[in-house]
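Asks: Line by line, the protein sequences give chains B and E. Per the working numbering, numbering of the first sequence is gapless, rising by one per residue and ending at 267. Per the working numbering, numbering of the second sequence is gapless, rising by one per residue and ending at 416.
Among these hints, one or two may not hold up.
Stated by the list, open to error - Okay, derived cross-link-like pairs now, BS3-like style, lysine-lysine, Cα gap no bigger than 30 angstroms in a straight line:
#, chain 1, residue 1, chain 2, residue 2
1, B, Lys117, E, Lys338
2, E, Lys188, B, Lys128
3, E, Lys111, E, Lys358
4, B, Lys261, E, Lys294
5, E, Lys20, E, Lys259
6, B, Lys76, E, Lys11
7, B, Lys123, E, Lys376
8, B, Lys117, E, Lys358
9, B, Lys37, B, Lys56
10, B, Lys203, B, Lys167
11, E, Lys331, E, Lys294
12, E, Lys401, B, Lys37
13, B, Lys120, E, Lys341
14, E, Lys338, B, Lys123
15, E, Lys20, E, Lys248
16, B, Lys117, E, Lys294
17, B, Lys128, E, Lys376
18, E, Lys331, E, Lys195
19, E, Lys376, E, Lys10
20, B, Lys214, E, Lys376
21, B, Lys123, E, Lys10
22, E, Lys294, E, Lys348
23, E, Lys341, E, Lys401
Keep in mind that the hints were calculated from the coordinates and are not lab data.
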Amino acid sequence: MNVKNSKPVFVGTDVGASRTKVVVLDSEKKIIGQCVKISGTDFTSTANLCLEMSLKMANVDEKDIIKSISTGYGRKNVSFANDTITEIGCHAKGCYHYFPTAITIIDIGGQDNKIIKLDKNGKRSSFKMNRKCAAGTGAFLEEMSARLDIPLEKMDELARQSEEMVKLGSYCTVFSATEVLENIRQGKKLPDIVKGLFFSVIKRITEMDSISEKVVMTGGVVAHNPYLVNMMGKLIERDIWVPDYPQLSGAIGAALYAMEKESIRVN
Amino acid sequence: MGEEKKVTRKKIEATGTMNKYMADYFYELDRASISGDKKIAWCTSVGPAELLLSMDFLVYYPENHGALLGTSRLASEVIPNANALGFSPDICSYLTSDIGAYVKGITPLSKAFEGIESVPKPDVLVFNTNQCRDVKDWFAWYSRELNIPSLGIHTHRNPTDIDENVVNSIAIQMEDLVEPLEEISGNKFDKEEFKRVVALSRECSELWKEVLETASAHPSPFTFFDGTIHMGPAVVLRGTQQAVDYYKLLLKELKERVKNNDGAVEDEQFRLYWEGMPVWGRLRAHSELFAGLKACVLASTYCNSWIFTDFDPEDPFTSMAKAYSELFITKSDEAKEKYMKRMIDFFKIDGVIYHDAKTCPNNSNNRYGMPQRLEKETGVPSLTINGDLNDLRLISDEQTKTNVEAFIEQLEENTM
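Pulled out of the complex, with its shape left as it was, chain E reads as follows (with noise of 0.2 angstroms):
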């Protein structure tokens, strides 16, 4: 009988750094929520986080809560609770299930850091509908239920190109937030703490560009499943210099393992591409799905959707502007394709598989003949699966598996 076969990809030594320095910053929040010693912005994931972070709030980022509870597989328990309060199962299962876990008392916070109870509560929540919508109806809920300001910044969806205009309007929208947020935290904008700010997130942002950029390597160090995981301080430390740190010292071990020759997956035979949002309640079986038919998936568009090389301490508000509209996510079919175009060559692709996540439309780029135009033009093979980012209910595991093994072996007859 055909024995299942248990792989599991390379621990990364880095790791527990990176899980004291996240515990560090929940047990801030936590502190922070109870004792209201510091004020707390709520924020989009890609959001103006170092605005609020030069004004000295403690910035808390409910999307990040979202891959928790989908880690945790917590989510498809939570789901119906929003769904009962109106929220469609087929819009963002983060934000339903974010607000499922608000109704129902719950997070994977309590599980994970003994002592905290709760998620941190707000004093203004601050979103960017660079990514979509749903974030600013996400916090809209939020503001009407704790009854406190939410804030935004509105942003231009599918240019193909970033002009100056779209640049200039970002930039009036986020200086437009400098008032309320000063009253809101009782302190002067420092544009001096801000390019501060703004530095740190630009140097964490190339140190996790190179991160990345290791798994160009033959055989990768480094697997799309491991970023997903390591990408934590880029999202919720970005700004600051534990964040810094961390990617040194990640760095200074990928750098070695490649040095060793030291690959991610044992015997590397493919190399993949990872197109659209991970399926966070599978982060374990899909990878060692993968890594059990030699198949590294070693790079993603969803692990690069945060870097910012577009900072400029120099010029803090337009520089963010821009660096916050670049996003693969706001872009144009056109533009995306020509990003995937470079990742392929670069990472040296044999395969893109796309997501097809269902309550997540913007990150799920196979649904305009993405897929088919990128096969016709780099000549590479992709398959797409059906699934969602924390809806486990819309997950069929047996069909994932025969697709991504019927793929390998489409890969491997096309070697032969």
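Bound conformation, chain B alone (with noise of 0.2 angstroms):
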């Protein structure tokens, strides 16, 4: 029998375009129970089904929430949260926690990207979020993996064996797409050209804001294709800090969001 620990929590939940996540923290900001699961068409049953599924991880009852904060598109459809913040509030504290100083956030989601900028208190002094557009976000990764029949996962693997990347010069997803179609009637290998798309991405995000301070990248396209933050590292010529959960930022942000709430009523 599994006998559950009665201890208080804080949960986050990130409804994202794409993807939902749920964090679980516990009263030392540790997280217990965490889940992603693609978002759907139902909102609310997705967030119950990924609380249900991080809540049993942590082993911990519904009844030990303390707080939960939803963000993210989809954060006013999430039953159980006690309160919305943005998801660019999150990412924000999410990110800080980790790398407490001065820093500039970038966020590959599947249908925006952010640059927030956070002072050396982690206030916010200013975020991007893209313009009405695919080009740069993993819409655009998953628009091209469709286009030439490989797995979304297979891409990282793909660019880096690419020894001439291939360069695309459209901003806009469907004319990328023709382009693609053109290196592929001229005979070009397919890692180049995947290359040639992680290139695209990172190109349209630089071209967001100016990069300052320590760079973080976060987002679940960071989280599953590692070898764009090395091309992003080498285009703005920075090291870059990638968190432990580059996915969960938002949620653990939420997370982190419900404990300060509290402590602030309790106080």
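Both chains are given apart, each in its own frame, so use the hints to dock them into the complex.
Replies: Okay, structure coming up:
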């Protein structure tokens, strides 16, 4: 029989356009439960399922949740959340927890990118989100993986094999796809095309804002494509920090906010 | 689950009077269009309306019609009609929605004012390129389509200071309009009447300025969203007694609100400035979004653009030339930044919202690094939202919402 621990926990839920992430923190800010699932079409059910799985992993009950905050596009659809905070705020909070200094955060998500600048005290000085365009987002890579008929999870491995990267010039996903087809027609190698796609993603991001301070990269695209981080490091000529769970940064930030808000309430 | 808060801005009592004046204005135009009793001039919104009024034209403003197409959300439906004629989806969506609506044979005026079936038929089109080149191209299409003359003034673009040479060249162009307008109207130009109209426009401007400046109170009694509606008389009725009467009434109400500490947004916590065009099809949504976050968007360059304090009835041509050349939109970034700094300071602004309107480059002042420069100089943070004045196909509501909420979170954090 599984005897559950009864201890106070704080939950952060990030319902992104592509994936839903739930994180359970104990009072020492340690991750004791987590879950990632495709957000799908019923955000509420997916969030509930993620909560159930992560509570199970943490070996605690729902009644142990002291406070819960949701974030992401589907933040208003989380039935068990006490409050909502934007993904900008939560990514900032999550990253500053791991890197408590002045940082520039680059988050590459399924549908949007963010560049968030924090001062040395963790306060936001500015943020930028991509414009209403798929360029530079996970959606761009998803579209291209389908066009090239290669699994999304194989892209990182393929890009690493590239010897002569193909340069793609277009800003637009549809026009980029046309360029890719042209390169296929010319007999260019698949790894070179995939590396070109990665380069296109990081170029679009560096166009969004100036990069200053130490750079932290997060998001699902970063979690699954570490080679893209290497490429970004070379492009901007600086080291890049990646937290242990880059895809969970927003959810971790939400859980930390939950803890902070509770402590403000109690005190 | 986080409940979406529905917050509306406080209603302004004077609105009923404004609606009556606006209805009278459109019905008078409609009657003249049908009967032919009076000549009708179409004029750009910051065109030489005073001259036209003094020559007994009824003046109709297609940009106002563009805004009505936006607020009624008909714009996105009719823009494709103009696109099909060769007008790019990337150019002014006032132009494309107005021409698109004309081609489709519809107007929001029919819904707003029972019995009006179409926009009034013009006898002449008069533009001033002080805003952009698009207004000239817009009128050129109607000129060809309806076989009526299009006359205009070509304003110098991007000066930092409006010097005597600039003013004189515009004044001469304005005087040159007199002869063809006399011919079209059948009326002789009467300088005394012109002075009278200019004096009324000046009075309207002074009152409108005072109305907008009430927003410097804490809390502000008035929002930018109110301003976009209540600027109607300053746009289409300036130069008339009704506009003067209306702003006296509105000003009285707002002063009363200030006296009673009655804010337009409940529990105003943040004071914001709007730079750029409104998103006409999202006025209510944006108003509620900001009010729900206890943020009052209380001032804007856009509403200020109908303040013409240079009008001088004693020197009507020169002063009108100066007034219509001193517009924010015609100026260099250097001049615009000085102006913005004054506004940020005067209204005690906590943050600036730049609206990057896809089809209106001239009113999207974020595109040459101004937000970054002003942030550095003033320390006041800013947010750019992507959208459009009329074309709702260019808008992502979710992105706007997340950006605005995150911006308010940032302001909150910085006050802690």
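Asks: Taking only the CA atoms, is the gap from Lys188 of chain E to Lys128 of chain B under or equal to 30 angstroms?
Replies: violated (58 angstroms)
Asks: Just to be careful, I want the Cα atoms of Lys117 of chain B and Lys294 of chain E compared with a cutoff of 30 angstroms; is the pair within it?
Replies: holds (24 angstroms)
Asks: Measure nothing beyond the straight line between the CA atoms of Lys111 of chain E and Lys358 of chain E; if it is 30 angstroms or shorter, mark the hint as holding.
Replies: Distance of about 28 angstroms is within 30 angstroms: holds.
Asks: Between Lys37 of chain B and Lys56 of chain B, does the CA-CA distance stay at or below 30 angstroms?
Replies: Satisfied, since the Cα-Cα distance of roughly 15 angstroms is no more than 30 angstroms.
Asks: Check the hint pairing Lys214 of chain B with Lys376 of chain E against an upper bound of 30 angstroms on the C-alpha distance.
Replies: Holds, because 20 angstroms separates the two Cα atoms, which is no more than 30 angstroms.
Asks: Please work out if Lys294 of chain E and Lys348 of chain E have their alpha carbons no farther apart than 30 angstroms.
Replies: The hint holds at about 16 angstroms.
Asks: Take a quick look at whether Lys123 of chain B and Lys10 of chain E sit within 30 angstroms of each other, Cα to Cα.
Replies: violated (33 angstroms)
Asks: Given the hinted pair Lys331 of chain E and Lys294 of chain E, is their alpha-carbon gap at most 30 angstroms?
Replies: Violated, at about 33 angstroms.
Asks: Lys120 of chain B and Lys341 of chain E were given as a pair; does the straight-line alpha-carbon distance stay at or below 30 angstroms?
Replies: holds (28 angstroms)
Asks: Are the Cα positions of Lys331 of chain E and Lys195 of chain E separated by 30 angstroms at most?
Replies: holds (27 angstroms)
Asks: Can the restraint linking Lys128 of chain B and Lys376 of chain E be considered satisfied, given a maximum Cα separation of 30 angstroms?
Replies: holds (16 angstroms)
Asks: Against the 30 angstroms threshold, does the CA-CA distance of Lys341 of chain E and Lys401 of chain E hold or violate the hint?
Replies: holds (26 angstroms)
Checked against the numbered hints given earlier, this structure breaks hints 2, 11, 19, 21; the rest are met.
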